[in-house]
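Protein chains in written order, with my numbering: chain A, 1 to 738; chain B, 1 to 80.
Honestly, the hints are just simulated from the structure, not real lab data. Since the structure is predicted, the reported quantities are computational estimates derived from the model, not experimental observations. A few of these clues could be false.
Unchecked claim - Straight-line alpha carbon distances no greater than 27 angstroms define the calculated DSSO-like cross-link-like pairs of lysine-lysine that follow:
| # | chain 1 | residue 1 | chain 2 | residue 2 |
| --- | --- | --- | --- | --- |
| 1 | B | 26 | A | 258 |
| 2 | A | 273 | A | 114 |
| 3 | A | 28 | A | 101 |
| 4 | A | 508 | B | 26 |
| 5 | A | 141 | B | 16 |
| 6 | A | 410 | B | 16 |
| 7 | B | 16 | A | 254 |
| 8 | A | 516 | A | 319 |
| 9 | A | 142 | B | 12 |
| 10 | A | 235 | B | 16 |
| 11 | A | 278 | B | 12 |
| 12 | A | 3 | A | 28 |
| 13 | B | 26 | A | 174 |
| 14 | A | 201 | B | 26 |
| 15 | A | 240 | A | 141 |
| 16 | B | 16 | A | 240 |
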Amino acid sequence: MSKNINVALIGNPNTGKTSVFNQLTGLKQKVGNYPGITVEKKEGICKLPRGVKAHILDLPGTYSLNTTSLDESLVVELLLNKNDKDYPDVAVVISDVENLKRNLLLFTQIKDLKIPTILVINMADRMSRKGISLDVEAMEKKLNTKIALVSTRKNTGIEKIKELIADYKSISSKPILDPTRISPEYFERLKTTFPQEDLYKLWLVITQDVNFMPIEKKRIQDATDFSTKSKDELKKLQHKETVLRYQLINNILKETYKVDFMVAKGLRASLDKILTHKVFGYLIFFAILLLIFQAIFEWSSYPMDFIDEQFAMAAEWIKNTLPPGVFTDLLAEGIVAGIGGIVIFIPQIAFLFLFISLLEESGYMSRVVFLMDRLMRPFGLSGKSVVPLISGNACAIPAIMATRTIENWKERLITILVTPFTTCSARLPVYLILIALVIPEGSILGLSYQALTLMLLYLIGFGTALLSAMVLNKILKIKSRSVFMVEMPTYRLPLLKNVAYTVIEKTKSFVLGAGKIILAISIVLWFLGSNGYSDDFQDADRIVTERIENEGLSTYSKNYVKNNIEAYRQSSEAKGLPPNALQDSVQVLTAELSQRAVAQEIASYKLEHSYIGQAGKAFEPLVKPLGYDWKIGIAVLTSFAAREVFVGTLATIYSVGSDEEETIKNRMAAELGEDGKPLFNLASGISLMLFYAFAMQCMSTLAIVKRETNSWKWPMIQLGFMSAFAYIVALIAYQILI
Amino acid sequence: MATVADLRYGQKGIIKDFTEHILPIKLMELGCLPGNSVELLQIAPLNDPIYINLSGSHLAIRRSLAALIELDIIEETQAK
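Taking the hints into account, I'd like the entire structure generated from these sequences.
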C-alpha cells in the first residue's frame, strides 16, 4: 500500500479548525503531547476517495507565522523542517468567511513556503445572513489554489475537502509574495550569501525565535550579520511584509468578496451589551459560576459515591473470593483502591470540561476574560487565569488542566503553581469534622461561627493563591513575549460533537497521563501501611488476641458492642419480637460484634506498627509543636496521598471501623492528650485546618502538574514550599492559641 | 495626538501611525495598519481593557497597548 498523505490543518483560532478536524477524522483521532513540550498534538486518520488514506495533523491555532508562543513556534518549526515525519504533503488552511481577509494573511505565508495549499472557507452558512457574496472561481485563480466552501455546522463541504486532499498533486505550490519586495537590498544580499536556500524560509529563520535545526540557524549567524541586524530594523521589515501582504489580499478581495453592510448587523453587538455590561455582565458570570460549582460539587457527588461503592465492593469481593495472601491484599487494597482513586475524579473532570468547552465553543469565554482581566492584573495574572483559579475551588486537577488556554507560559505556570491553594472539595470533609469538633456553636449577627469559619477557610485559600501569584510574578524570571490580546469571536451555538470530544479527550488524558503516577504512589502507600518490620507487626494477631483474652476489649470497643446491642434490642422490642427469640439473636449479634471489634483492634495495632505508623511515631517530635500526637501525625502523612483520607485513617487508627462521620467525630472528641485535656481543642483544631489549607497533600495534583509542566521540578517545588509554609503557619497558630 | 485609548463608546477612528518597534507584530497582522479603521465597542467594567473592532477583527486589548496606536478620530457625521 502506498504511504498515507500527510495533511496539516492550519488556521487562525476561532475558525472552526477543530470542527473540521473532528469531521474529517471522526473518532479515529489521537491526542497527545509533542515530545518534550506540553503543546497538544492532535492527529487522526481520514479515508479519502479511491481508497487513499490521509494522516491529518491538527496544528495549534495561529494568526501568522510570526510566532509569539510555544504553540505558534511549533507550527513554524514543522513547516520548515522537511525531515520531520509529520511534514505535510499538503497544507489545509482553514478560514472563517467573516474574517477572510485576516485569515488570508496566514494563507499567503503558508503558500510562500512552497507547500501545496488548499483553502477551506468555513462557516459558509453564515454568508447570506452576513450579506457576504463570494466569487470562488475567481478567487481560486487569483490565489492559485483550490477552495472548499464548508459549513461544519450544516455538515457541508467536507467531502470536497477530502477530494481536494486526494488530488493534492494537482495543487500549485507557487508562492504568492516575492520576498525581495520587502527589501530589495537586504534580500539581494541574502541571495548572494545563500544561493542554495529559499529566501522566504531564510527570512523566517532569521526573524523567528524558534529552535530550528541548529546547523541552519548557526550557519546564518556565522556567515553574516543578517540576524544581528538590529531588532527594530528587522521589525520594520516585518511590518513592511505585512503591509505588502495585505495589499495583495485587498486587491484580490476587492474583486471577489463583497459584504453588504446593510444586512450585516449581527447578534454580537446586542449580546455583548448585556454580557459585558458593568452590572449584568458580572451577575451573569457569577450565576454561571454557581452552576458550575453546583455541578462539580453536588451533581458529581452522585457518580463519585457510586464509583466509591463499586470499588469498595470490588475490593471486598476480591478479598472474599481469592485465597488470602499478599497478592490478594495487593490487588484488593493496593491496585483496586489505587485505580478507584483515579476513576473517582472522572465525574468532576468531565463536568468541568463540559462547562468549559460549552463556554469556549459559544464564544462566551473571551467575554469572561474581558470582564475579569483588570481584577487579575494586580496579581500578575490576566483574565485568562480566572476560570482555572475558580475551578480550583472544586478540584485542582481539572483546574490545572484548564490552564492550557493561557498562551503566556509565565502566567500559565503561575496559575498552575498557585491553584492548589484554593479550597478543593477534598479539604471539605476534613474541615467539616474539625469545625464540628473545635468551633463552638453559637452565632454572631445570625451567622454561625462554624459557617463563618468555613467561609474564612475558603477566603484564606483563594487569597493565598492570589498573593502567591503576586510574589511568583516578582520572583520568576521568565521572558514572555506575548501581549494581552483576546479575540472576541461571534457567538455561536456550541456543537455538541465538539463538546463531547473535549470531555472525552480531557478525561482520557487525565486517566492515562496522571493515572500511572497515582496508581504507583497508591501501591507504595498501601505497602507502607500494611507492612512492618517489627515483631509487633508480624505478630499483631497474636498480641492483640492475647491482650483481649487477658484484659478484655478496650473500653471503646466494649461501648461499641454495648451500644449496638442496646440499639438492636430497642428496635426489636419495638417490632414485638418474642423475648427468647430476641435472646438468641442478641447472642449471635454479640459474638459477631465482638469479632468485628477484635478485627478493628488488630487493624489499628497493625497500622500503628506498620512502616507508616513507625514513621508517624518518628515524626511525633516534629508535629508535637503543632499540637498533634502520633496518631494525627499518621493521618497527616497518609493525607499526602489525598486529603480526604484523613478521616478514614483516623477511623482505622482509633479502630472505629465505621465511616459514619458522627461516630468518628465522637471518638475524636473523646481522645485525650497527655495532659488529660481533649486532644482536639481550638488550638490544635485550627492548626490542623490551616495545615490542610496550605499543604500540598494530593498526589493526583502533583501528577498532573508534572504532566502539564513536563518536569518534576515544579511539582517538587510545590510540594516542598507549600508543605513548609503549611507547617510554619500551623505552628504559629497553635503556639499563639494554646 | 489622539490614540485608540482616547476613543469613546461607539466612536471610530482611522489609524495614522504607531511606534512600530513597540507594537507587537501580531496586532498589525490582525489589521492594525495605517489607514484601517478602529471602532470602540465596549469598555470593561473597571475601565480596562477595551473591546474594539479593528477593521473587522473584534479584539480586547489593554489600554496601555491601545495608547500606542495613533489615530484620527472621525467626527460623527450623522447623529442617530
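We went through each hint and held it up to the structure:
1. B:26 <-> A:258: Measuring from Cα to Cα gives roughly 26 angstroms; hence the hint holds.
2. A:273 <-> A:114: violated, 44 angstroms
3. A:28 <-> A:101: Not OK: residue 28 of chain A and residue 101 of chain A at ~33 angstroms, beyond 27 angstroms, violated.
4. A:508 <-> B:26: violated, 34 angstroms
5. A:141 <-> B:16: violated, 33 angstroms
6. A:410 <-> B:16: violated, 33 angstroms
7. B:16 <-> A:254: holds, 22 angstroms
8. A:516 <-> A:319: OK: residue 516 of chain A and residue 319 of chain A at ~24 angstroms, within 27 angstroms.
9. A:142 <-> B:12: Roughly 32 angstroms between the alpha carbons, so the hint for residue 142 of chain A and residue 12 of chain B is violated.
10. A:235 <-> B:16: holds, 18 angstroms
11. A:278 <-> B:12: holds, 22 angstroms
12. A:3 <-> A:28: Judged against 27 angstroms, a Cα distance of about 18 angstroms means the pair holds.
13. B:26 <-> A:174: Since the Cα atoms of residue 26 of chain B and residue 174 of chain A sit roughly 25 angstroms apart, the hinted pair holds (cutoff 27 angstroms).
14. A:201 <-> B:26: holds, 19 angstroms
15. A:240 <-> A:141: Holds, at about 25 angstroms.
16. B:16 <-> A:240: holds, 15 angstroms
In summary, the numbered hints that this structure violates are 2, 3, 4, 5, 6 and 9.
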